[in-house]
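Okay, here's what each chain looks like letter by letter:
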Amino acid sequence: GQQLNQSPQSMFIQEGEDVSMNCTSSSIFNTWLWYKQDPGEGPVLLIALYKAGELTSNGRLTAQFGITRKDSFLNISASIPSDVGIYFCAGLPNDYKLSFGAGTTVTVRA
Amino acid sequence: DVKVTQSSRYLVKRTGEKVFLECVQDMDHENMFWYRQDPGLGLRLIYFSYDVKMKEKGDIPEGYSVSREKKERFSLILESASTNQTSMYLCASSITGTNYGYTFGSGTRLTVV
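Protein chains in written order, with our numbering: chain A, 44 to 153; chain B, 42 to 154.
By construction, these hints were calculated from the structure, which means they are not laboratory data. Every residue, glycine too, gets a C-beta built ideally from N, C-alpha and C. Treat the hints loosely; a few may be bogus.
Stated by the list, open to error - Residues from chain A shown here face chain B by an in silico Cβ test under 10 Å; the list is partial: (1) 49; (2) 51; (3) 78; (4) 85; (5) 88; (6) 140; (7) 141; (8) 148.
One chain only, chain A, in its complex shape:
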């Protein structure tokens, strides 16, 4: 399946900071999804976006479905230590098979 371009590959957060990551694709998607994977666990769905231009929040998380339908971003506001993990973007074209980004690894800055 097509791999999405997710950036940054990794980031360090300090408690209280706002952080942002994004995903781009050469293809149009009808749905964008953001997952988080805690260490040693499977990915869990954070936010689902179904409409171009849509902005959706889930607590301190905000995600947007790009107008071109080829990109999406995820913001985390006021980071806390439990935000560490790997964040994956995923896009759903017309069939049921998701395309995933390579992930953004979030680590706490010492």
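On the provided structure of chain A, position chain B as indicated by the hints.
Frame of chain A; chain B shown alone:
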């Protein structure tokens, strides 16, 4: 909530062994998937199935096979395990015709020695 259960969290197997990874979902999902996850490579699709007894190759099927005899169960088989198959394996399921995405299991960390 949909639950996807992978039978083992950790497995250690010897090179050349036949290995079975089991995945069961309890919400009548049609589609099931097997991924492997390696640092820096993200999630790579091995095989998927959209119906009982149906299977399709993903991006990296070599060295693997699958079995789906019942709707709720999707098994990944390593016919002859090799050290380069040491990885985290994730099973997922989804409903056909919806855009709700996948529900993942907790993963199986397989080490081949």
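The hints, checked one at a time:
{"no.": "1", "hint": "49", "result": "8 Å, holds"}
{"no.": "2", "hint": "51", "result": "13 Å, violated"}
{"no.": "3", "hint": "78", "result": "8 Å, holds"}
{"no.": "4", "hint": "85", "result": "4 Å, holds"}
{"no.": "5", "hint": "88", "result": "6 Å, holds"}
{"no.": "6", "hint": "140", "result": "7 Å, holds"}
{"no.": "7", "hint": "141", "result": "6 Å, holds"}
{"no.": "8", "hint": "148", "result": "9 Å, holds"}
Hint 2 from the list above is the single one not met by this structure.
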